[in-house]
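Chains as they are written, first to last, in full-length UniProt numbering: chain A, 1 to 241; chain B, 1 to 233; chain C, 1 to 255.
Everything labelled a hint here was simulated from the structure, so no lab data went into it. Using N, Cα and C, we set each Cβ at its ideal position, and we do this for glycine too. Treat each hint with caution, since some may be false.
[What the hints assert, rightly or not] One-sided and incomplete, this derived list gives chain A residues near chain C with beta-carbon spacing under 8 Å:
1) Met103
2) Arg105
3) Phe108
[Unchecked claim] Taking lysine-lysine pairs in the DSSO-like style, the calculated list, with each CA pair at most 30 Å apart, reads:
4) A:Lys232 <-> A:Lys132
5) A:Lys232 <-> A:Lys136
6) A:Lys132 <-> B:Lys224
7) B:Lys224 <-> B:Lys135
8) C:Lys239 <-> C:Lys209
9) A:Lys136 <-> B:Lys224
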Amino acid sequence: MQDITLWFQDLLAGNLIFTPQTLGYYWEGLVTTTQLVFLSLVIGLVMAVPLAIGRSSGRRWISLPIYAYTYVFRGTPLLIQLYIIYYGVVFFDGIQETFLWPMLREAFYPALIAFTLNTAAYTTEIFRGAIKATAKGEIEAARAYGMSQGLMMRRIILPSAFRRALPAYGNEVIFMLHASAIASVVTLMDLTGAARFVYARFYAPFEAFLFVAAIYLCLTFAILYLFRWLEKRLLAHLKPA
Amino acid sequence: MLDLHGYGPRLLEGAGVTIQLAVLSLALAIVLGLLTASAKMSRSWLLHRVATLYTTLIRGVPDLVLMMLLFFGGQMALNLVTDALYDRFGVDWYVNLNAFAAGVLTIGFIFGAYMGETFRGAFMAVDHGQIEAGKAYGMSPWLVFRRIRFPLMMRHALPGLSNNWMVLLKTTALVSVIGLSDMVRIAAEASRATHEPFTFLIPVALIYLLIASVSEWVFLRLQKRYSVGFGGH
Amino acid sequence: MKKLLTVSLLGLAMAAGTAQARDYDHVRIGVDVPYEPMEYRTPEGELTGFDIDLGNALCAEIGVTCEWIEQEWDGIIPGLMSRNYDAIMSSMTINDERRQTVLFSDPYFTPPSAWFAPTESELSEATRETLEGLTIGVQRGTLQDNYVTDMFGDVASVSRYSTADDMVLDMQAERLDIVFLDYPVGKATLLDSERRDYQVVGEMITEPKEYFGDGFGIAFRQRDEALAERFNEALATLKADGTYDEIHERYFGEE
């Protein structure tokens, strides 16, 4: 361990850009990016399940508003959504006096809200597609069994829809990781924010951005392999024997 | 209505910049995508490797980071060359990489990788018998490409192409971060100056929705056109 | 192909002779907008401000035409080096770190930096103790950023903004407790604002010199000594004939 520390110090010695201070910024950036992406994905996923069921409903007064929501959030840039939420919350009169303000004051929570709403919209459409693709036979079999609508949803449609949605959802996770890079425009020191700081301070675009690109690349591959592994486990029964 | 505290005309100009940027980037991305797809399907080991490296790297890194790397770093790399030229030679030659050109190059370069995947899948989906038939007719390879492979491929590529275009359109908003005066940047600037973010950001969001809806309609028409003779689509 | 071209061009460049100065009759100046009152746009899009007016007057005095090119602060020095423009006149403080990269004119304006906070805040001075746990706003990559990061980065949280306007907006939204800015900019955007009352906290800050340098200068590429000299002479002339004072008064009033 000591060897590694020494080797590391040697590596950093004489390096003007990658000092312990700037590496600290990159580390904090990694933590912020991970928190932001992970939380927004989890909350977005939880929101997307009921939304997707509603979106597949035959009742238009349920499905239409959900469609409008996904259409708007998928049809406009995330950057605009982030600006509207970050600058917009301030314009609710007296928001500064409410219990919400200590959270909304930080850039983290407005960014989290924007990212969550965005990923929930995409995930809803992914699930809807998967629900729609449920084999007719499965539904008929469930009906013949006398299952209620709710039971059928829970036992038959959703489990198979989740599996079918997995590859598309994997792409969505990677998409969110990459999209989170814009958090730095509202002062968050995420990975990209750290790189911008290093660039502005040392005028060193290659070092600053190549380093951060390499980190993103590693994260992307980690997600990719995680989903491949999941697909192998969960979709094994669909493979031709 | 379009005055918007005096920012209306500039906002429209910005919308023009966004559309130009998106269309030019798309054109570049299609060219790069066709090249990448051909390289990936070629028998040359090297071409295949280069194309795979390109698509893997580009799709593993956020657009914004690539944009900053290419925009700021590209400028620095160019300056090494032109400075050396000037110092040693007195040749005052420089490439003026303005924000617009950098935006087109970067977005085109990024989406070339995505298009490459789309086109590769589409080329592979083309029924080989049709190409054989063309060859048997004595068509030249170029004619086979133009009359048979390309139109047949387009039918398979259109859904992916349409999807890429929608993502590309939204990606153009990022150029505002590197300093190009597209409509997002002007809207952000106006929001700050007037302290009325909704007045400017919501119209911009609506313009994006409008462009997306029009594109959707155009792609549906194209899809119909390229599906002529396949029935049922 | 492109690489081959670059390599052969570089090879040619290495083999060639000495540098040669260039005579300018058209000068392109890089500027980061907005930074009110130094450089900003009217809603119609017209560029104005102290730097802009002074720059235009200098160009007229020298007898060259000027063109202003907008560039984000982050990339303003790289842009000069890559000849997107020939000079930077954008409230850039002369300091040793930048001197290694660019050549500066004589200082044309020497404003201090200052801390600004809402009047109702209880801050009366800015020290490591009083700022502990607060959120400080700065513009990314400015000397104020460097100073705050090094002096207070470990006790306070630092929010970095691309433009001064962004920062002011967040100050008004009460997202920031205090900001650190060039004094004239803080005066124009905060003290003169009607939305909320602000005050300067503590003394104006001009020391230590390694951060705060020697006032604003026009930056050129190192080899353009002749051009810098022409600007220096013109600056002296404008100061002598009263033009400088007139422009100064237009933006800062009488002091």
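Quick rundown of the hints versus the structure:
no., hint, result
1, Met103, "12 Å, violated"
2, Arg105, "5 Å, holds"
3, Phe108, "11 Å, violated"
4, A:Lys232 <-> A:Lys132, "23 Å, holds"
5, A:Lys232 <-> A:Lys136, "25 Å, holds"
6, A:Lys132 <-> B:Lys224, "23 Å, holds"
7, B:Lys224 <-> B:Lys135, "27 Å, holds"
8, C:Lys239 <-> C:Lys209, "25 Å, holds"
9, A:Lys136 <-> B:Lys224, "28 Å, holds"
Consistency note: the structure conflicts with the earlier hints numbered 1, 3.
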